[in-house]
Each structure stands twice: as C-alpha cells, then as structure tokens.
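One letter stands for each residue in the lines below.
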Amino acid sequence: MKLIAQAGVVFAICWISLCIERILPFAMPASIIGMLLLLLLLTVRLVKVEWVEDLADLLLGNLQFFFVPAVVSIIQYLDVLRQSWAAIVIICVVTTVVTFAAAVLAVRLTLRWMERRRK
Amino acid sequence: MNELLTSPFFGLMLTTAAYAAGVKIQKKTGLVVCNGLVLAALMIIALLLAFRIPYESYNAGGSLINLMLSPATVCFAVTIYRRLEVLKKNLLPVLAGCAAGAVASVASVWALSHLFGLNRTLMMSLLPKSVTTPIATALAQENGGIIAITAVSVIFTGILGNLSAPLLVRLLRVKEPVEAGVGIGACSHAIGTAKAMELGATEGALSSVAIGLCGILTTILALLFPLLP
Chain A
29 MKLIAQAGVV FAICWISLCI ERILPFAMPA SIIGMLLLLL LLTVRLVKVE
79 WVEDLADLLL GNLQFFFVPA VVSIIQYLDV LRQSWAAIVI ICVVTTVVTF
129 AAAVLAVRLT LRWMERRRK
Chain B
352 MNELLTSPFF GLMLTTAAYA AGVKIQKKTG LVVCNGLVLA ALMIIALLLA
402 FRIPYESYNA GGSLINLMLS PATVCFAVTI YRRLEVLKKN LLPVLAGCAA
452 GAVASVASVW ALSHLFGLNR TLMMSLLPKS VTTPIATALA QENGGIIAIT
502 AVSVIFTGIL GNLSAPLLVR LLRVKEPVEA GVGIGACSHA IGTAKAMELG
552 ATEGALSSVA IGLCGILTTI LALLFPLLP
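First to last, the sequence lines map onto chains A and B.
Heads up: the first sequence is residues 29 to 147, going by this note's numbering.
Heads up: the second sequence is residues 352 to 580, going by this note's numbering.
Among the clues, some could well be false.
Unchecked claim - Derived coverage of chain A by chain B (criterion: at least 3 residues anywhere in the stretch with Cβ under 8 Å from a Cβ of chain B; other residues may be distant):
hint	segment
1	34 to 46
2	64 to 77
3	90 to 102
Hints are computed from structural coordinates only; laboratory data are not their basis.
Ideal Cβ positions, reconstructed from N, Cα and C, are used throughout, including at glycine.
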C-alpha cells in the first residue's frame, strides 16, 4: 500500500512535468523536469522525503534493470556500430581522462584560492 | 506461435530472467567488466538473433519496462536531496569541479566527433555520455540521438572510470579527497562512484554529489546542443 501511494506521487510528478515540458520555451526532457521539480518540492518541504523514498530506493536500487530494453534496442543499429565502434571507443577513453583532469584541476585551484583568501 | 511471441509477457519474461542471470554472473565473477546490464542485453540480443525473433516482439514487453525509466529519473531527486548537506559544505570546489568536468566532457566529445567525422545523430548520442544514464539518455533523445548508443557509451565510460581511477589519481597527484571524489563522479557517474567509495567515505559521498550536479549542469549545457555546428 505504501509503495502504491508513493507511486501515485511520482506518477503525478511525471504527468505534471509533461505539462510543463509543453509550456517551456526551450526543449528539456520531461523526466529531468520531473527530477528538478521533485528536488524543488523536497527542498521547500511541500513533499516530504518519506512520501517517495521507499519507491526511490526500489527503483534506483535496481536502476540498471530498467535500462535493459534500451540497451537491447541497439540491435536496430548494429550497422552504425560496425561502422563507428572504434571512434566511439576512442571518444569514451579520451573524454574520460579529459573530464577527470578538468574536474580535479578545477577543484584544486578553487581549494587553493579559498586557502589564500582565508590567510 | 506469433501471438505468443508478441505478448508483452514474452519481453517481460526475457528481460527479468536475463537481468537476474546477468547480476548473478557479475556477483560471482566480481568483475566490473561483467556489468549485469550489459550481460543481460547481450543474452537477449543473442537469443533474438539466433531464433530470428523480431525486435518488435521483444519490445512489446520491453517498452513497458522502458516506461518506468521516467519515474526512476524523477526519483533521482531523492538521491540529490539526501546529499544536499555534503554539497553545502563543499559548495565552491564541487561546483567549480562539476562545471569544469561537464564543459570538458561535452567539449571533448564535440571536438572528437568532428575529428572522426561522425554524423550528427552519433554526436548527439555521445555528447551527454559522462553523466548518469537516465539523464544522459533523456538528453540524447531530446536532441535526436540514439539512446541505445548513449546507454552503452555511458556504461562503457563508467567502467573505464572505475578501472582507471586509481591510476588517474596517481598520475594527477591527487591528495585531497574532494579532488578525487568530484573527479570520479564527474567523469564516470555511479559505476565510477563504486570505486570512489573504496577509496574512502568522503570520496564516495562527493562522487555521488558530483553525479547529481554534473547531471543538472549538463542539462543546462544541453540547451545549447541544437546550436552546435
């Protein structure tokens, strides 16, 4: 019963965010609008975390399961993969290193700057 | 026979069984490369190809599971909400790190896509690939990418980040837990965060903060994707 009530809250947010998606002047996926909306409702305490947390733990604890059909759909794009797999692999490897380095250096510079300001 | 294969229960049965088997194999081997999701998808694809079952038959059930991705993405707010305190304590460095990471990821994918002459569909599939799967696939779909390629690249990136994190930490002479946590979260989301948690509790907490923040920042960046050449 608790999970069904929580699903009601989350489904309502999903539907409201579809409505918001229509109104927004820019393109943003409804699911992300819903995520930001729920985060806002939680921070202003219009929604209590107890109203959604069991469902959230259930869905997020098994998040990978819900992606199985999305990954299986790659069966429709096997020729795309055959053509570009090497480029995709290189892009993933290079950007992982670049992203890590950029984030680490930005944190380091910020920490140093904060340290200097404190002195 | 055909009606039996097009029943949604066929796809539901296949997906649940393959996923359970995939997770079991992952637990048994303990290898990050043996990702439960990837193993499950490979088993299903092999089965569909071997018995010449059309993808549409599988998807009658698959689409029902796919539908639940939106509620799961919405629930991700709970994870971010639980980490708000950690974020507040480290606001400036985490914000700077995530912003730099998000911009670096999108910019490097964009530059390399042009270098390799990838078409726009593929580029849009890869642009959001450093953030968590629900956000990445939603952003790719919004901009005309192929979500299957996004999902696979996201997982691959996560595995790469997980495996290379200790090496990267040494190469960049990372000493502060904040640096390692944000770096790992920004480049390899949840799969990388598993490694961050092994490095330490602070690293793990900050890594999961970075996942949420990078997701939100990349969503903002994605508003500019349609304008990219």
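Hints and how they fare:
1. 34 to 46: holds (count 6)
2. 64 to 77: Since three or more residues must qualify, the claim that chain B covers the segment 64 to 77 of chain A holds, with 7 doing so at under 8 Å.
3. 90 to 102: Satisfied; 12 residues make the cut.
No hint from the list above goes unmet by this structure.
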